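Keeping the supplied structure of chain F fixed, place chain Z upon it in accordance with the hints.
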Amino acid sequence: MVRQVEPRSDADPVARRLRDLGFVDGEPVRVLGQGPFGGDPLLVQVGYTRFALRRAEASRVIVEALA
Amino acid sequence: MTAATLNLALVGNPNCGKTALFNLLTGARQKVANYAGVTVERKEGRFDTAAGRNVRVLDLPGTYSFDAASPDEVITRDVCLGAFPGEPIPDVIICVADATNLRLHLRFVLELKRLGRPMLLALNMMDAARRRGIAIDVAALERRLGIPVVETVAVQRGGADALRARLDAAIAPAPMTTVDADLHAEVRDILAAAVTMPSRTAATDDALDRVLLHPVLGFAVLIVLMFLIFQAVFSWATPLMDGIEAAFGAFGEWIGPALASMPLLQSLVVDGAIAGIGGVLVFLPQILILFLFILVLEESGYLPRAAFLLDRLMLKVGLTGRSFIPLLSSFACAIPGIMATRSIQDPRDRLTTILIAPLMTCSARLPVYTLLIAAIIPERTVAGVFNLQGIVLFSLYVGGIVSALAVAWVIKRLRKDKSEHNLLMELPSYRVPHPRDLAIGLWERAMIFLKRVGGIILALSVILWFLSTFPAPPEGATLPAIDYSLAGRLGHVLHAIFAPIGFNWQICIALVPGLYAREVAVSSLATVYALGGNEEALGAIVASEWTLATSLSLLVWYVFAPMCLSTLATVRRETNSWKQVWIMTAYLFGLAYLASFITYRLALGLS
Chain F
1 MVRQVEPRSD ADPVARRLRD LGFVDGEPVR VLGQGPFGGD PLLVQVGYTR
51 FALRRAEASR VIVEALA
Chain Z
1 MTAATLNLAL VGNPNCGKTA LFNLLTGARQ KVANYAGVTV ERKEGRFDTA
51 AGRNVRVLDL PGTYSFDAAS PDEVITRDVC LGAFPGEPIP DVIICVADAT
101 NLRLHLRFVL ELKRLGRPML LALNMMDAAR RRGIAIDVAA LERRLGIPVV
151 ETVAVQRGGA DALRARLDAA IAPAPMTTVD ADLHAEVRDI LAAAVTMPSR
201 TAATDDALDR VLLHPVLGFA VLIVLMFLIF QAVFSWATPL MDGIEAAFGA
251 FGEWIGPALA SMPLLQSLVV DGAIAGIGGV LVFLPQILIL FLFILVLEES
301 GYLPRAAFLL DRLMLKVGLT GRSFIPLLSS FACAIPGIMA TRSIQDPRDR
351 LTTILIAPLM TCSARLPVYT LLIAAIIPER TVAGVFNLQG IVLFSLYVGG
401 IVSALAVAWV IKRLRKDKSE HNLLMELPSY RVPHPRDLAI GLWERAMIFL
451 KRVGGIILAL SVILWFLSTF PAPPEGATLP AIDYSLAGRL GHVLHAIFAP
501 IGFNWQICIA LVPGLYAREV AVSSLATVYA LGGNEEALGA IVASEWTLAT
551 SLSLLVWYVF APMCLSTLAT VRRETNSWKQ VWIMTAYLFG LAYLASFITY
601 RLALGLS
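Those protein sequences? They're chains F and Z, same order as listed.
Position 49 of the first sequence, counted from 1, bears residue number 49 in this note's numbering, the numbering being contiguous throughout.
Position 132 of the second sequence, counted from 1, bears residue number 132 in this note's numbering, the numbering being contiguous throughout.
This is chain F alone, in the form it adopts within the complex (with noise of 0.2 Å):
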């Protein structure tokens, strides 16, 4: 379940952009699979949606595991 998105700076684009999307407090949240390369970028639903994200995207997210 999602917690918070934190902002890297002041005006963090990528963490508000996130925040619209649906990462917000007592969302859920899954990590589903990952690039072939490395393991980037990461493939994340989040509400009924599916994003790839980046791990640089990915890390701005503060999640907190449910049992």
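What the hints contain is simulated information worked out from the structure, not anything from laboratory work.
Every value quoted in this text rests on a predicted model; they were computed, and no experiment measured them.
Please note: incorrect hints may appear among the correct ones.
To be verified - The calculated lysine to any residue pairs, modelled on SDA-like cross-linking and capped at a C-alpha distance of 25 Å, are:
(1) Z:Lys416 / F:Ala56
(2) Z:Lys412 / F:Asp12
(3) Z:Lys316 / F:Gly33
(4) Z:Lys412 / F:Pro13
(5) Z:Lys412 / F:Gly33
(6) Z:Lys418 / F:Ser59
(7) Z:Lys416 / F:Asp12
(8) Z:Lys43 / Z:Ala446
(9) Z:Lys43 / Z:Met314
(10) Z:Lys412 / Z:Met314
(11) Z:Lys418 / Z:Lys579
(12) Z:Lys316 / F:Gln34
(13) Z:Lys412 / F:Ser59
(14) Z:Lys31 / Z:Ser70
(15) Z:Lys418 / F:Arg16
(16) Z:Lys416 / F:Pro13
(17) Z:Lys416 / Z:Ala549
(18) Z:Lys412 / F:Gly38
(19) Z:Lys316 / F:Asp12
(20) Z:Lys316 / F:Leu43
(21) Z:Lys416 / F:Ser9
(22) Z:Lys316 / F:Glu27
(23) Z:Lys418 / F:Pro7
(24) Z:Lys31 / Z:Lys451
(25) Z:Lys416 / F:Arg17
(26) Z:Lys412 / F:Asp40
Unchecked claim - Chain F is faced by these chain Z residues, among others (derived, beta-carbon under 8 Å):
(27) Tyr64
(28) Thr201
(29) Thr204
(30) Leu208
(31) Tyr302
(32) Pro304
(33) Arg312
(34) Leu313
(35) Glu420
(36) Met425
(37) Asn504
Backbone N, C-alpha and C define an ideal beta-carbon position, used for all residues, glycine too.
Using the frame of chain F, we list chain Z on its own:
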């Protein structure tokens, strides 16, 4: 209600089926252009409401948020706000949302609502939603949102009838809401009240992604697909292209005698205009075949998956996964390849891809390569199995690819804007592409090419005809006519520049008409050597009269040199900037000259 034309704007998240809905509403009544001053596509169409009212509708670029992250999104925002110069503020905003993906799409609906403009929500893909057992209480949704909601199915005949009918009634401005409310929380409330969803994703998406995004299996499928596309663009197009060339040749021969009394006019019509138009149309088969594949891949939802698989590889040299298909198709021809870069969202990545596309060895270089290789490289077997000529040809291809990657890497270093390049890409649900959307998409590509690029190519070919025809040779001339023309004189002047890299004056002359298309250089060489187009005899001359160093230098020249004005015309159209054209021309010429110089000097030194 007034009878005046109603101005609508279609707005929505990417992948909401907005363009399919636009195609269903307007059919062939569309105009595609660019927004003033930017290379973002502007699509406008017309249709009539159920009661016959005239409607002008704008298909705005797909947008996740008004917090714009790309030039496309800036346009959508500015048009909706009425802040885009030259575009009237839309009378009604039609917000399109995918009924199967409301958790994501409703947030933007709420953001749009804050504008307080007359607005309507089109719940698109209702057929897919019903199939997945998603139940939407439209009345409850209308109550919660305070705006009219209609159901649409963009891929079904009559799927927009409800929308057409609703537009005849008055649409009130959206009720104002508190500006700092948490939109995500609001979306959750609305979904809880109006929507029941049995599962979070479609079973088919899960199953397909397990295979298509699998590190091994998915990659194998991708390679097979790419091979198929490459084959198709390369070989399926050839008979069509030969047919077009033959047809225009025959047409020229048929019309030629009618103008026999006026040899100059005859030459202008046959060698200038008809050959020029043929030279434009000859690219169409490759463009249409490539875009048929790209449209199918894009509409089906596979294209972002391919980008997902390739992203890491391309990222290493400062590109993105989306650069791969344009670059692959550039092996057939850089023109469709450069046109295909429109699917790259980051403008910096797109520009880099355009700049390196001409380094992919296009099929027009093959005649030049074959001629020279056959003439100068002995047919010998290396290491028991490899043909030496084949090895040389292969290394020319590899040389192009390696230098393209190097150039991309250098561009990445030089760029001042070092901000992070984002991927952050939605992988939409898989869908079966609708033939209407494919047909309209192909038609648009063909028109863009013929109107914007065709004109430039045609003009250039007439200019080149003029250069190679005037002035006419004097009485009793012994040398071929082209030697007396402006092109011939230009060739002699160029000789001074190209002598250090080993080109003789015959090559320099052939380079001028060769700007029209690379393969033309071969037939021009035959003309300069007064062989009357006999290209086999040309091979013999190359083998006997040229030094090995000269031939190798010319081979290397063709790996790099921007010897194709059509490509430059396409770059002008796609970047909307002469500056980029000049940058590309200069760097390619520089590279070509340097590489040929080194090759020539090395070969001279070694022989």
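The hints, checked one at a time:
1. Our distance criterion of 25 Å between C-alpha atoms is met by Lys416 of chain Z and Ala56 of chain F, whose separation comes to about 21 Å.
2. The suggested pairing of Lys412 of chain Z with Asp12 of chain F holds, with an alpha-carbon distance near 21 Å, which does not exceed 25 Å.
3. The suggested pairing of Lys316 of chain Z with Gly33 of chain F holds, with an alpha-carbon distance near 21 Å, which does not exceed 25 Å.
4. With a C-alpha separation of about 21 Å, the suggested pairing of Lys412 of chain Z with Pro13 of chain F holds against the 25 Å cut-off.
5. Pair hint Lys412 of chain Z plus Gly33 of chain F does not hold up; C-alpha atoms about 29 Å apart against a cutoff of 25 Å.
6. With a C-alpha separation of about 19 Å, the suggested pairing of Lys418 of chain Z with Ser59 of chain F holds against the 25 Å cut-off.
7. A distance of roughly 18 Å separates the Cα atoms of Lys416 of chain Z and Asp12 of chain F; the hinted pair therefore holds under the 25 Å criterion.
8. Under the criterion of a C-alpha separation no larger than 25 Å, the hint pairing Lys43 of chain Z with Ala446 of chain Z is consistent with the structure, at around 15 Å.
9. Proximity of Lys43 of chain Z to Met314 of chain Z is assessed by CA-CA distance (about 31 Å); at most 25 Å being required, the pair is judged violated.
10. Simply put, Lys412 of chain Z and Met314 of chain Z have alpha-carbon atoms about 12 Å apart, close enough for the 25 Å limit, and the pair holds.
11. Straight-line distance between C-alpha atoms of Lys418 of chain Z and Lys579 of chain Z comes to about 21 Å, which keeps the hinted pair within the 25 Å bound.
12. Restraint check for Lys316 of chain Z and Gln34 of chain F: satisfied, since their Cα atoms lie roughly 17 Å apart, inside the 25 Å limit.
13. Proximity of Lys412 of chain Z to Ser59 of chain F is assessed by CA-CA distance (about 23 Å); at most 25 Å being required, the pair is judged to hold.
14. For the hint linking Lys31 of chain Z to Ser70 of chain Z, the alpha-carbon distance of about 23 Å falls within 25 Å, and the restraint holds.
15. Of the supplied pair hints, the one linking Lys418 of chain Z and Arg16 of chain F holds, its CA atoms being roughly 19 Å apart against a limit of 25 Å.
16. Straight-line distance between C-alpha atoms of Lys416 of chain Z and Pro13 of chain F comes to about 18 Å, which keeps the hinted pair within the 25 Å bound.
17. Taken as a hint, the Lys416 of chain Z and Ala549 of chain Z pair is broken in the structure, with Cα atoms around 40 Å apart against an allowance of 25 Å.
18. Distance restraint check for Lys412 of chain Z and Gly38 of chain F: the Cα-Cα separation of roughly 21 Å lies within the 25 Å cut-off, and the hinted pair is therefore satisfied.
19. With a C-alpha separation of about 23 Å, the suggested pairing of Lys316 of chain Z with Asp12 of chain F holds against the 25 Å cut-off.
20. A C-alpha spacing of about 19 Å is found between Lys316 of chain Z and Leu43 of chain F, which places the hinted pair at or below 25 Å, so the restraint holds.
21. Proposed proximity of Lys416 of chain Z and Ser9 of chain F is supported: the alpha carbons are some 19 Å apart, at most 25 Å.
22. With a C-alpha separation of about 32 Å, the suggested pair Lys316 of chain Z and Glu27 of chain F falls outside the 25 Å cut-off, and the hint is violated.
23. For the given pair, Lys418 of chain Z sits about 18 Å from Pro7 of chain F by alpha-carbon distance, which is consistent with the 25 Å threshold.
24. For the suggested pair Lys31 of chain Z and Lys451 of chain Z, the alpha carbons sit about 13 Å apart, so the restraint of at most 25 Å is met.
25. With a CA separation close to 23 Å, the supplied pair Lys416 of chain Z and Arg17 of chain F stays within the 25 Å bound.
26. A distance of roughly 20 Å separates the Cα atoms of Lys412 of chain Z and Asp40 of chain F; the hinted pair therefore holds under the 25 Å criterion.
27. Using the Cβ-Cβ criterion of 8 Å, the hint placing Tyr64 of chain Z at the interface with chain F is satisfied: the shortest such distance is roughly 6 Å.
28. With a cut of 8 Å, the hint placing Thr201 of chain Z at the interface with chain F holds, because the nearest CB-to-CB distance is about 7 Å.
29. Here the hint on Thr204 of chain Z is broken, as its CB sits about 13 Å from the closest CB of chain F, past 8 Å.
30. Residue-level restraint check for Leu208 of chain Z is violated (minimum Cβ-Cβ distance to chain F is 11 Å; threshold 8 Å).
31. The closest approach between the C-beta of Tyr302 of chain Z and any C-beta of chain F is roughly 13 Å, which is over the 8 Å cut-off, so the hint fails.
32. The restraint placing Pro304 of chain Z at the interface with chain F holds, with a minimum CB-CB distance near 7 Å, inside the 8 Å limit.
33. Because the closest C-beta pair between Arg312 of chain Z and chain F is about 4 Å apart, less than 8 Å, the hint holds.
34. For Leu313 of chain Z, the interface hint holds, the least distance from its beta-carbon to any beta-carbon of chain F being 6 Å, beneath 8 Å.
35. For the restraint placing Glu420 of chain Z at the interface with chain F, the shortest Cβ-Cβ distance is roughly 7 Å, inside the 8 Å limit, so the hint holds.
36. Checking Met425 of chain Z against chain F by beta carbon gives a least distance of about 5 Å; that is within 8 Å, so the hint holds.
37. Interface hint at Asn504 of chain Z: violated, since its Cβ lies 47 Å from the closest Cβ of chain F, which is beyond the 8 Å cut-off.
The earlier numbered hints that this structure contradicts are 5, 9, 17, 22, 29, 30, 31, 37.
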